[in-house]
Amino acid sequence: MNTKVSIAGVELKNPVMSASGTFGSGEEYSEFVDLNQLGAVVTKGVANVPWEGNPTPRIAETRSGMLNAIGLQNPGIDVFCKRDLPFLKQFDTKIIVNVCGRTTKDYMEVVERLGDEAVDLLEINVSCPNVKHGGIAFGQDPKCLLEVTREIKRVAKQPIIIKLSPNVTDIAEMAKTAEAGGADCVSLINTLLGMKIDIYKQSFSLANRTGGLSGPGIKPVALRMVHQVANAVTIPVIGMGGITSWEDGVEFLLAGATGIAVGTANFNDPTSMIKIKNGIEEYLKTMNFDNVADIIGLVK
Amino acid sequence: MNTKVSIAGVELKNPVMSASGTFGSGEEYSEFVDLNQLGAVVTKGVANVPWEGNPTPRIAETRSGMLNAIGLQNPGIDVFCKRDLPFLKQFDTKIIVNVCGRTTKDYMEVVERLGDEAVDLLEINVSCPNVKHGGIAFGQDPKCLLEVTREIKRVAKQPIIIKLSPNVTDIAEMAKTAEAGGADCVSLINTLLGMKIDIYKQSFSLANRTGGLSGPGIKPVALRMVHQVANAVTIPVIGMGGITSWEDGVEFLLAGATGIAVGTANFNDPTSMIKIKNGIEEYLKTMNFDNVADIIGLVK
Amino acid sequence: MKRKKEIAKVLSQKEIAKDIFDLWIESQSVTADGKAGQFVSLYTGDESRLLPRPISICEIDSDRNALRLVYRVTGEHTGTKIFSKMTEGDEIEILGPLGNGFDTSIPEDAILIGGGIGIPPMLELAKERSGKSYIVTGFKDSTFLMEDLQRWGEVAIATEDGSAGTKGTVLDAIRDNGIKADVLYACGPTPMLKAVKEYAKEEGIEKVYLSLEEKMACGVGACLACVCKSKEVDSHTHVKNKRVCKEGPVFSAWEVEF
Amino acid sequence: MKRKKEIAKVLSQKEIAKDIFDLWIESQSVTADGKAGQFVSLYTGDESRLLPRPISICEIDSDRNALRLVYRVTGEHTGTKIFSKMTEGDEIEILGPLGNGFDTSIPEDAILIGGGIGIPPMLELAKERSGKSYIVTGFKDSTFLMEDLQRWGEVAIATEDGSAGTKGTVLDAIRDNGIKADVLYACGPTPMLKAVKEYAKEEGIEKVYLSLEEKMACGVGACLACVCKSKEVDSHTHVKNKRVCKEGPVFSAWEVEF
Ligand SMILES: Cc1cc2nc3c(=O)[nH]c(=O)nc-3n(C[C@H](O)[C@H](O)[C@H](O)COP(=O)(O)OP(=O)(O)OC[C@H]3O[C@@H](n4cnc5c(N)ncnc54)[C@H](O)[C@@H]3O)c2cc1C
Ligand SMILES: Cc1cc2nc3c(=O)[nH]c(=O)nc-3n(C[C@H](O)[C@H](O)[C@H](O)COP(=O)(O)OP(=O)(O)OC[C@H]3O[C@@H](n4cnc5c(N)ncnc54)[C@H](O)[C@@H]3O)c2cc1C
Ligand SMILES: Cc1cc2nc3c(=O)[nH]c(=O)nc-3n(C[C@H](O)[C@H](O)[C@H](O)COP(=O)(O)O)c2cc1C
Ligand SMILES: Cc1cc2nc3c(=O)[nH]c(=O)nc-3n(C[C@H](O)[C@H](O)[C@H](O)COP(=O)(O)O)c2cc1C
Ligand code: FES
Ligand code: FES
Numbered sequence: 001m002n003t004k005v006s007i008a009g010v011e012l013k014n015p016v017m018s019a020s021g022t023f024g025s026g027e028e029y030s031e032f033v034d035l036n037q038l039g040a041v042v043t044k045g046v047a048n049v050p051w052e053g054n055p056t057p058r059i060a061e062t063r064s065g066m067l068n069a070i071g072l073q074n075p076g077i078d079v080f081c082k083r084d085l086p087f088l089k090q091f092d093t094k095i096i097v098n099v100c101g102r103t104t105k106d107y108m109e110v111v112e113r114l115g116d117e118a119v120d121l122l123e124i125n126v127s128c129p130n131v132k133h134g135g136i137a138f139g140q141d142p143k144c145l146l147e148v149t150r151e152i153k154r155v156a157k158q159p160i161i162i163k164l165s166p167n168v169t170d171i172a173e174m175a176k177t178a179e180a181g182g183a184d185c186v187s188l189i190n191t192l193l194g195m196k197i198d199i200y201k202q203s204f205s206l207a208n209r210t211g212g213l214s215g216p217g218i219k220p221v222a223l224r225m226v227h228q229v230a231n232a233v234t235i236p237v238i239g240m241g242g243i244t245s246w247e248d249g250v251e252f253l254l255a256g257a258t259g260i261a262v263g264t265a266n267f268n269d270p271t272s273m274i275k276i277k278n279g280i281e282e283y284l285k286t287m288n289f290d291n292v293a294d295i296i297g298l299v300k
Numbered sequence: 001m002n003t004k005v006s007i008a009g010v011e012l013k014n015p016v017m018s019a020s021g022t023f024g025s026g027e028e029y030s031e032f033v034d035l036n037q038l039g040a041v042v043t044k045g046v047a048n049v050p051w052e053g054n055p056t057p058r059i060a061e062t063r064s065g066m067l068n069a070i071g072l073q074n075p076g077i078d079v080f081c082k083r084d085l086p087f088l089k090q091f092d093t094k095i096i097v098n099v100c101g102r103t104t105k106d107y108m109e110v111v112e113r114l115g116d117e118a119v120d121l122l123e124i125n126v127s128c129p130n131v132k133h134g135g136i137a138f139g140q141d142p143k144c145l146l147e148v149t150r151e152i153k154r155v156a157k158q159p160i161i162i163k164l165s166p167n168v169t170d171i172a173e174m175a176k177t178a179e180a181g182g183a184d185c186v187s188l189i190n191t192l193l194g195m196k197i198d199i200y201k202q203s204f205s206l207a208n209r210t211g212g213l214s215g216p217g218i219k220p221v222a223l224r225m226v227h228q229v230a231n232a233v234t235i236p237v238i239g240m241g242g243i244t245s246w247e248d249g250v251e252f253l254l255a256g257a258t259g260i261a262v263g264t265a266n267f268n269d270p271t272s273m274i275k276i277k278n279g280i281e282e283y284l285k286t287m288n289f290d291n292v293a294d295i296i297g298l299v300k
Numbered sequence: 001m002k003r004k005k006e007i008a009k010v011l012s013q014k015e016i017a018k019d020i021f022d023l024w025i026e027s028q029s030v031t032a033d034g035k036a037g038q039f040v041s042l043y044t045g046d047e048s049r050l051l052p053r054p055i056s057i058c059e060i061d062s063d064r065n066a067l068r069l070v071y072r073v074t075g076e077h078t079g080t081k082i083f084s085k086m087t088e089g090d091e092i093e094i095l096g097p098l099g100n101g102f103d104t105s106i107p108e109d110a111i112l113i114g115g116g117i118g119i120p121p122m123l124e125l126a127k128e129r130s131g132k133s134y135i136v137t138g139f140k141d142s143t144f145l146m147e148d149l150q151r152w153g154e155v156a157i158a159t160e161d162g163s164a165g166t167k168g169t170v171l172d173a174i175r176d177n178g179i180k181a182d183v184l185y186a187c188g189p190t191p192m193l194k195a196v197k198e199y200a201k202e203e204g205i206e207k208v209y210l211s212l213e214e215k216m217a218c219g220v221g222a223c224l225a226c227v228c229k230s231k232e233v234d235s236h237t238h239v240k241n242k243r244v245c246k247e248g249p250v251f252s253a254w255e256v257e258f
Numbered sequence: 001m002k003r004k005k006e007i008a009k010v011l012s013q014k015e016i017a018k019d020i021f022d023l024w025i026e027s028q029s030v031t032a033d034g035k036a037g038q039f040v041s042l043y044t045g046d047e048s049r050l051l052p053r054p055i056s057i058c059e060i061d062s063d064r065n066a067l068r069l070v071y072r073v074t075g076e077h078t079g080t081k082i083f084s085k086m087t088e089g090d091e092i093e094i095l096g097p098l099g100n101g102f103d104t105s106i107p108e109d110a111i112l113i114g115g116g117i118g119i120p121p122m123l124e125l126a127k128e129r130s131g132k133s134y135i136v137t138g139f140k141d142s143t144f145l146m147e148d149l150q151r152w153g154e155v156a157i158a159t160e161d162g163s164a165g166t167k168g169t170v171l172d173a174i175r176d177n178g179i180k181a182d183v184l185y186a187c188g189p190t191p192m193l194k195a196v197k198e199y200a201k202e203e204g205i206e207k208v209y210l211s212l213e214e215k216m217a218c219g220v221g222a223c224l225a226c227v228c229k230s231k232e233v234d235s236h237t238h239v240k241n242k243r244v245c246k247e248g249p250v251f252s253a254w255e256v257e258f
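Residue numbers (the UniProt record's numbering), protein chains in the order written: chain A, 1 to 300; chain B, 1 to 300; chain C, 1 to 258; chain D, 1 to 258.
Be aware that a few hints might be false.
[To be verified] Mimicking DSSO-like on lysine-lysine, the simulated pairs with C-alpha atoms at most 30 Å apart in a straight line are:
1. Lys275/B / Lys215/C
2. Lys5/C / Lys9/D
3. Lys285/B / Lys201/A
4. Lys9/C / Lys229/D
5. Lys194/C / Lys275/B
6. Lys167/C / Lys231/C
7. Lys132/C / Lys4/C
8. Lys18/D / Lys285/B
9. Lys5/D / Lys275/A
10. Lys215/D / Lys201/A
11. Lys201/B / Lys35/C
12. Lys82/A / Lys9/D
13. Lys140/C / Lys180/C
14. Lys4/A / Lys81/D
15. Lys215/D / Lys180/D
16. Lys140/C / Lys89/B
17. Lys18/C / Lys9/D
18. Lys85/D / Lys300/B
19. Lys9/D / Lys89/A
20. Lys231/D / Lys81/C
21. Lys201/A / Lys4/D
Hints were generated in silico from the structure; no laboratory data involved.
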C-alpha cells in the first residue's frame, strides 16, 4: 500500500495533515497524537511580529460547526523559529508553516526569515476573515492576490501554498490567479464568514462580531470548491473544510485534493487525523487500490 | 402584543413565512400546518412554462443540512394561476409568488401574467444555483442583476423582492444593486453551492453533480449576510437560511430582517413555522417588548 | 392541522438477521389510517440528521395500536444505525402514514414479490388482501420474516447463494415453483423490479404494482425531491414526473419508467 | 499517544437542586491523575454539537475509579441538557484531567469561596488541602452539596433571597461569620471574582487563587480560544494572553485582569 503523495516536490508519507490554527504548533496535541504518523503538521499562522489577537469570546459553537475569531494571535517569527520549529523537527513528518500578515511586506519578512530554516512548505494565509486591516482583501481580490503571490514567490526559498478564501464569487478564478502568480499549490477552504447573536444579551456572540465558520456543516461547500479548483489548475490542491471522518477525507481525494487537512474535528476528537489516515488505508484496500494517488481526482 | 410587520406596504400578521421551494404551494403541508397562522406563504418558483427539473437523485443529506438540485420543476404559470392561487386565496395569509426564469423575458412574462392576480408580493429568484442556463448568472453579476431588476420592476404591478445568491464576494454590493434597480425588498440567502460524493460509487451523490446547501449548518453565514445587507440598504430584508428554532428566528430579526422564512426545517418538522411564530411571541413577552418591530435590527 | 408528527414509544426491537431489525412501536395515527404499501417517515433525533427515513409498514396490529417496521441498517454512521440502538420505552418521532399504498381490493390470485428489504411490506399486504397470495421472497443469504409470511400465503424463497430455496432470483423461484397468477405486487431493488416488469410483459400480466424508492426530503409531496419518470403527465407539475412519496410509492408498472 | 479521549460509564446521576445535576462516572485517567481545580472536557455525542463542555472536578473517589461532576443545565437545547438525561450504564466521552488545578499544598488557613455552579470544585479542594478550610458558598436560592462540604470544613452560606444563611453575597457571609484567613480560593461568576479580588486587596491577603471561565474549543492549549488578559507575558505567545485551559483555569488574582 502506497499512501505517499507529492506536493510541489515534497513527499508526504500520507495525505493527512492538520489545518492551520487548530493544532497549535503540534506541541499541545503531541500528548494525544503521534505526529510521526501525519503526512505533515501545518502550524498556526505566524507573522513577522507577535499579534495579540482579538478580545474574547473568540469562539461560538454552531450546528455542526463553530465560529472563530481568534484574530491570529501568534508569538511572531522569532519565538516560532526558536521554540516551535526545533520541537517539530524531532518528528518524522513534514513541516508546513502558515504565514499571515497585514501587508505584503509583513508576509515577505516572515517568508525570507524562514528561507534558511528546515521548513518544507509555506502556506500563505491570504484569507483569514478575522483580521480587520488587510488579510481578507488579498484573498478576495484577484489583483491583490496576484501581486502578493508574485512578491512572496520572489523571495521564498520553499515552495508556496496559497490558502484561498471561500468568500468569493468565483473560487476557480482565484485559484488560477494564484497559479499565475507562481503559487506551487493552493489550499482551500479557509472559513466562511459568519455571525451569531446572543438573543438575551442582544449582542454579538463573538467580541469581533463576525467569525469564521468551520466544521462538518460547511463540508459540501468546501468539497464543491476543491472539485472546481482541482479542475481549473494544474498545481496540486490541499483540501479542507469540515473533514471529520475518513469518508470525508476520501471524498476530498476523489474530488481532486492531493492533501487533506483536518481542523475543527481535532477539537471533537484529538485522534481524528489518525483515524482518518487509517480509514483511508482501509478504503484503498477494500476498493483494491495499491496507491492513494490512484484515487486523487477520480470523480471528474 | 403586536407581531405585525410591513414589507413594501404589505402588512403581514407576523414575520414568519415559508421559504420558496420547501413548502410547495402550501397545499401539501396544509394537512399539517394552519396556513392562517403564517405571515405569508411563499410558493415554489414558477416559470412562464412548465419545467421538468433535474434527474434524480435530487437531494442528499449532509451534516446539519441538505443539498438539493430539484432544478426548479414547476407546472408553469398557467396551471399555477388556475390551481394553486385559488387554493391559497382561501386562507387569511399573504401570498408571495416566487418567480424563476432562464432569461429576463421569461421573468417578465410571469410577472406580467401575475399583474392581475390577487398576489401580494413577487419574489424574484435570480439565485438558484441549479439551473444551468441563466439563473445563477443574474444573481452573481451586479450588471445582470441591475438589468433584470429594472426590467421586471418596469412591468410588475406588485412590489418585488429580489432573492439574492450568497455565492458572491460582496453580498452588500448585490443588495445595493437590487435596491438601485428598484427592488422593494431583498430576501436572502438562497442556498450555498455544494457537492457530495458517493465514495463507493465514486461519483456525485446528486445527478446534477452540485446542489444547493441549506439547513441549520449554514445559518451563521446567512445571519452574517442578513446583518450586512440590513445595514447597507434602506428597503426591508427577508432573512432565511437555516432557521430551525424560534431562537434562530429572533437572531435574524435582531440582525435586521423584517420577515423570516423557514425552509429545510419544515422537512424535519412540519410544524416548525408555528413553533417559531409562537416562540417569538413568548420571547417578546419575556423581554418586555410590545411590538415585534421594536427588535428588528436591534443588534447593529 | 389534522395531522402532525407523533412521538411513538418503542414496544420492542430485535435483530432478526444480520443488520435487519424488527421494530414494534406504538402509533395512533398509523394504526388507525395506515395500510399496506404506505410508509412512515422516521426521524433520528440526532440534530445533525434532519431528513426523514422512509420505512414501509410491515404489519399493523390495531388491537394494541402497534406498528411493525422491519429495516436494514445501511452503514456505521447512518440514521438506521441510530434506530437500531433503541430499546423498549425509547421514543421516536414519526410522520405517517404516507403515500398511496397497494390496492388490496383486487380479488384475483396474486404473486407478492419481495426482494431483500423490500419483503417487509408484503406481510401487511398479504394480511390485508382477500385473494390468494403467493409470496415470493429473494434474499442474498439468510432469510427473515418466514414464519410471519407463511401465515398469510404460500411462500417461495430464492437465495443468491442457494442456502435456502431456489438458488437465483425471485423469478427463478417463481418458475421453479410453477407459480402463476393474474396480479403482481413487487418491492425490492431496481434490477428486480425491471425483471418483474419484463416477466409481466412476457406472461401478459396486466395488473402489476411496483413500490419504488427515491431519496426524500419532505415525504408529503411538497419539495419535488422524490420524482420518478411517468408515462402520463403527473398531477402536480404536468411534466411526467410523479412523486414517489405522494402519487407513489406504489405505481402500476405501466405508468412509470425506471 | 500517552493520552486520549476516554469512554466513561455513568455510575449514577441525580438532580440535587433545580437544574443542578450530580453525576458520578467511572474514569481511569481522571481519578489517577486529576486534582482539585482541574477540569474535564465532556462531549455530547450529538453530532451537531462538536465542542467539549468543560466541567470541574467536584470529587474523586480513587477507590472505585469514580469521578464526580456537578453541573448546571443551562437551557433547553444545550449539551448539558443532553448530559442530564444520562442514567446508570450510559456512556460518555471525556478528555482529562485538563488545566493546572489549585495549589493544595499551602498549609495556612484558607477561605474557599464558591458562587453557584462554582461551588463544586471547592469540595475536592477542601478534601485535598491539609490546612484548615472555611467554605463559603453563595446561592441564588436553594442550596446544594452542603452535607458533602461540611465533612471537609466549616461552611457558611449566602443566598440572594435570604432563604438560607446570610442574605447577600459570599462576602457578606464572610463578614457575617467573621471568617478570616491568609489564603483565598474562589470560583464563580465574574462579578463575584472581582469582589473577592477587591476584598483581598482591602484585607491585604496575598495568596488569592481564582478559577476563571472562558469558551473553549480544544481544551488543551492549541487553539487560543480561551485566553484571558494577564499581567505578565504568557508562555505561549508572549503577549499577555494566558490560556484558561492550559495556564489556568486557576490563576493568582494578581496575574490576571478580567
Ligand atoms: C417508500 C420507501 C419505503 C422504504 N421502506 C423500507 C423498509 O421498509 N425497510 C428498509 O430497511 N428500508 C426501506 N426503505 C429504504 C430506507 O428508506 C433507506 O434504507 C434509509 O432511508 C436509509 O437511511 P440511513 O439512515 O440508513 O442511511 P443514511 O446514509 O444516513 O441516509 C442519508 C439520507 O439518504 C436517504 N436514503 C438513503 N438510502 C435511501 C434509500 N434507499 N431510499 C430512500 N432514501 C434513502 C435517507 O432517508 C437519508 O435522508 C424505503 C424507502 C422508501 C423510499
Ligand atoms: C474550566 C471550567 C470549568 C467549569 N466547571 C463547571 C462545573 O463544574 N459545573 C458547571 O455546571 N459548569 C462548569 N463550567 C461552565 C460550563 O462549561 C458551561 O456551563 C457549559 O459548557 C455550557 O454548556 P451547555 O451545553 O449547557 O451550553 P450550550 O449553550 O449548548 O454551549 C455552547 C458552547 O458554549 C460553551 N459554553 C457555554 N457556556 C459556557 C461557559 N459558561 N463557560 C465555558 N464555555 C461555555 C459550551 O462549552 C459549548 O461549547 C465550567 C467552565 C469552565 C471554563
Ligand atoms: C480556531 C481556528 C483557528 C484557525 N486559524 C487559522 C490560521 O491561523 N491560519 C489559517 O490559514 N487558517 C486558520 N483556520 C482555518 C482552518 O485552517 C481551516 O481552513 C478551516 O477551519 C476549515 O477546516 P475545518 O472545517 O476542518 O476546521 C483556523 C480555524 C479555526 C477553527
Ligand atoms: C428543496 C428546496 C427547494 C428550493 N426551491 C427554491 C425555489 O424554487 N426558489 C427559491 O427562490 N429558492 C428555493 N430554495 C431555497 C430556499 O427557499 C431557501 O432560500 C434556502 O433553502 C435556505 O433556507 P433554509 O436553510 O431554511 O432551507 C429551495 C430550497 C430547498 C431546500
Ligand atoms: S419527498 Fe418531497 S415531494 Fe416527495
Ligand atoms: S481552548 Fe483551545 S487554547 Fe484553550
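Hints, verified against the model:
1. Lys275/B / Lys215/C: holds (27 Å)
2. Lys5/C / Lys9/D: Between Lys5/C and Lys9/D the Cα gap is close to 33 Å, so the pair fails against 30 Å, i.e. violated.
3. Lys285/B / Lys201/A: At roughly 16 Å apart (the allowed maximum being 30 Å), Lys201/A and Lys285/B satisfy the hint.
4. Lys9/C / Lys229/D: violated (51 Å)
5. Lys194/C / Lys275/B: Violated - the C-alpha atoms of Lys275/B and Lys194/C are around 44 Å apart, more than 30 Å.
6. Lys167/C / Lys231/C: violated (35 Å)
7. Lys132/C / Lys4/C: violated (36 Å)
8. Lys18/D / Lys285/B: holds (24 Å)
9. Lys5/D / Lys275/A: This hinted pair holds, its Cα atoms lying about 13 Å apart.
10. Lys215/D / Lys201/A: It holds: about 16 Å lies between the C-alpha atoms, which stays within 30 Å.
11. Lys201/B / Lys35/C: It is violated: about 35 Å lies between the C-alpha atoms, which goes past 30 Å.
12. Lys82/A / Lys9/D: violated (43 Å)
13. Lys140/C / Lys180/C: Since the Cα atoms of Lys140/C and Lys180/C sit roughly 24 Å apart, the hinted pair holds (cutoff 30 Å).
14. Lys4/A / Lys81/D: violated (45 Å)
15. Lys215/D / Lys180/D: violated (33 Å)
16. Lys140/C / Lys89/B: It is violated: about 53 Å lies between the C-alpha atoms, which goes past 30 Å.
17. Lys18/C / Lys9/D: holds (28 Å)
18. Lys85/D / Lys300/B: violated (38 Å)
19. Lys9/D / Lys89/A: violated (39 Å)
20. Lys231/D / Lys81/C: Status violated; Cα separation ~52 Å.
21. Lys201/A / Lys4/D: Violated - the C-alpha atoms of Lys4/D and Lys201/A are around 37 Å apart, more than 30 Å.
When the structure is compared with the earlier hints, violations turn up for hints 2, 4, 5, 6, 7, 11, 12, 14, 15, 16, 18, 19, 20 and 21 and for no others.
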